[in-house]
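S.K.: Read off the chains here:
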Amino acid sequence: MSYTYLITGATSDVGRTLIERMLRNAPDALVLAQGCGDLDKLAALCQRFPGQIRPFDVDLSDRAKVDTFMQLLDTSAPAPTHFIHLPALPVVNTKFKGFDQTRFDKDLEIEVHSAIRICRGILPAMTRAKFGRVLFIQTSYTIGCPPKNTAAYVMAKSAIGGLVKSLAVEYAKFGITVNCVAPSMMETNFLKDTPDLIVQASAADNPMGRNATPEDVVPAMAFLLSDEAGFITGVTLPVTGGSAIV
Amino acid sequence: MTEQDILTAVQDIFRDNFDDDTLVITRETCADDIEDWDSLEQINLLTAIEKKFNIKFKLADVRGLKNVGDLLDLVARMV
Numbered sequence: 001m002s003y004t005y006l007i008t009g010a011t012s013d014v015g016r017t018l019i020e021r022m023l024r025n026a027p028d029a030l031v032l033a034q035g036c037g038d039l040d041k042l043a044a045l046c047q048r049f050p051g052q053i054r055p056f057d058v059d060l061s062d063r064a065k066v067d068t069f070m071q072l073l074d075t076s077a078p079a080p081t082h083f084i085h086l087p088a089l090p091v092v093n094t095k096f097k098g099f100d101q102t103r104f105d106k107d108l109e110i111e112v113h114s115a116i117r118i119c120r121g122i123l124p125a126m127t128r129a130k131f132g133r134v135l136f137i138q139t140s141y142t143i144g145c146p147p148k149n150t151a152a153y154v155m156a157k158s159a160i161g162g163l164v165k166s167l168a169v170e171y172a173k174f175g176i177t178v179n180c181v182a183p184s185m186m187e188t189n190f191l192k193d194t195p196d197l198i199v200q201a202s203a204a205d206n207p208m209g210r211n212a213t214p215e216d217v218v219p220a221m222a223f224l225l226s227d228e229a230g231f232i233t234g235v236t237l238p239v240t241g242g243s244a245i246v
Numbered sequence: 001m002t003e004q005d006i007l008t009a010v011q012d013i014f015r016d017n018f019d020d021d022t023l024v025i026t027r028e029t030c031a032d033d034i035e036d037w038d039s040l041e042q043i044n045l046l047t048a049i050e051k052k053f054n055i056k057f058k059l060a061d062v063r064g065l066k067n068v069g070d071l072l073d074l075v076a077r078m079v
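These protein sequences, in sequence, are chains A and B. Read in order, the letters of the first sequence correspond to residues 1 to 246 in the working numbering. Read in order, the letters of the second sequence correspond to residues 1 to 79 in the working numbering.
I should point out that these hints are in silico values taken from the structure, not numbers from a laboratory. Please note that the accuracy of each hint is not assured.
What the hints assert, rightly or not - With a straight-line cut-off of 20 Å between C-alpha atoms, the simulated DMTMM-like cross-links for lysine to aspartate or glutamate are:
| no. | chain 1 | residue 1 | chain 2 | residue 2 |
| --- | --- | --- | --- | --- |
| 1 | B | Lys-52 | B | Asp-12 |
| 2 | A | Lys-148 | B | Asp-19 |
| 3 | A | Lys-95 | B | Asp-12 |
| 4 | A | Lys-148 | B | Asp-5 |
To be verified - Which bits of chain B does chain A cover? Going by a derived footprint, with three or more residues having C-beta under 8 Å, they are:
| no. | stretch |
| --- | --- |
| 5 | 25 to 33 |
| 6 | 52 to 62 |
Stated by the list, open to error - Beyond 12 Å from chain B on every Cβ pair, some chain A residues (computed):
| no. | residue |
| --- | --- |
| 7 | Ala-64 |
| 8 | Cys-119 |
| 9 | Gly-121 |
A virtual CB, placed ideally from N, CA and C, is assigned to each residue, including glycine.
Can you build the whole structure from these sequences, using the hints too?
M.R.: Written out as structure tokens, the structure reads:
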């Protein structure tokens, strides 16, 4: 069976590392890669894996565009066997009263509402095939006490956690697993709006003495996406170096 | 830049950060004196100070700060 990976937020550091990992030894696999205005970041991977990556430029904050994207996939691409949902707005360190409603709405649109619409689109085919892997990226901020000043981010990520558990139990009997990884602070472009001192303090306070990297997180993702992880569903797997433990 | 200039600028940053226009800080002011001054707020203060004075703190430099006086001395050495 050749696999088709639908990866949203594929242009992120984690997305690109994951694509490389999934295609490295899979010449018959296909990646449907969503980005938003930054598909050039996939150029090197497209050259390395010719014909195996199909980039799509889609604004996930626009429900109509998400629906159009799903219609396009339905008519022009193989049904995804794997769906990995990575998009998120960069975290801003802002007190609750400093957030405007727009920011909360946008976090929910990009992370949660898009996930619901895409899952509605892809789960019927996975159900028929009696096989599927759905994976989300959460955050260690949803484990235990979250840091202050991250309300919009933690709210959206927590909603993802609820969606994962609900879908997991509903689709388990169809051979579909739905899981999350929950990394601690990861040193990627995602932190561009986070003060250096917060990044340094997070590294210093981590039991491993450093922050996570995509190379730490992607192997955990690859495991949850693998055939052999078929009996693991509804879990949030912390990848934290010990900084957050369930 | 005099120590008083630095204190005045830092006080404005404290007032803005803690939303208290009447807040008065001295060299002896420490985290115990301001209810909301925790480790995260300290980083917010330091980040705002970095921006104001166009300086860059290292974590090791700021972890041992005991009060506003230590902070002012650190800034004075860097500007």
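S.K.: Each of the hints needs a verdict: does it hold here or not?
M.R.: Consistency of the hints with the structure:
1. In summary, the hint linking Lys-52 (chain B) to Asp-12 (chain B) is supported, as the alpha carbons are separated by about 10 Å, within the 20 Å threshold.
2. Using a Cα cut-off of 20 Å, the hinted pair Lys-148 (chain A) and Asp-19 (chain B) holds, with the two alpha carbons roughly 16 Å apart.
3. Note on Lys-95 (chain A) and Asp-12 (chain B): the hinted pairing holds, with a Cα-Cα distance of about 18 Å set against a maximum of 20 Å.
4. As the CA atoms of Lys-148 (chain A) and Asp-5 (chain B) are separated by approximately 31 Å, the hinted pair breaks the 20 Å bound.
5. With 0 residues carrying a beta carbon less than 8 Å from a beta carbon of chain A, the stretch 25 to 33 of chain B misses the three-residue requirement, and the given coverage is violated.
6. With 5 residues having a beta carbon nearer than 8 Å to a beta carbon of chain A, the stretch 52 to 62 of chain B meets the requirement of three or more and the stated coverage holds.
7. Residue placement check: Ala-64 (chain A) keeps its beta carbon more than 12 Å from all beta carbons of chain B (closest about 38 Å).
8. With a closest Cβ-Cβ approach of about 35 Å to chain B, Cys-119 (chain A) is found to remain outside the 12 Å limit, as its non-interface label requires.
9. Residue placement check: Gly-121 (chain A) keeps its beta carbon more than 12 Å from all beta carbons of chain B (closest about 40 Å).
Of the numbered hints listed earlier, those contradicted by the structure are 4 and 5.
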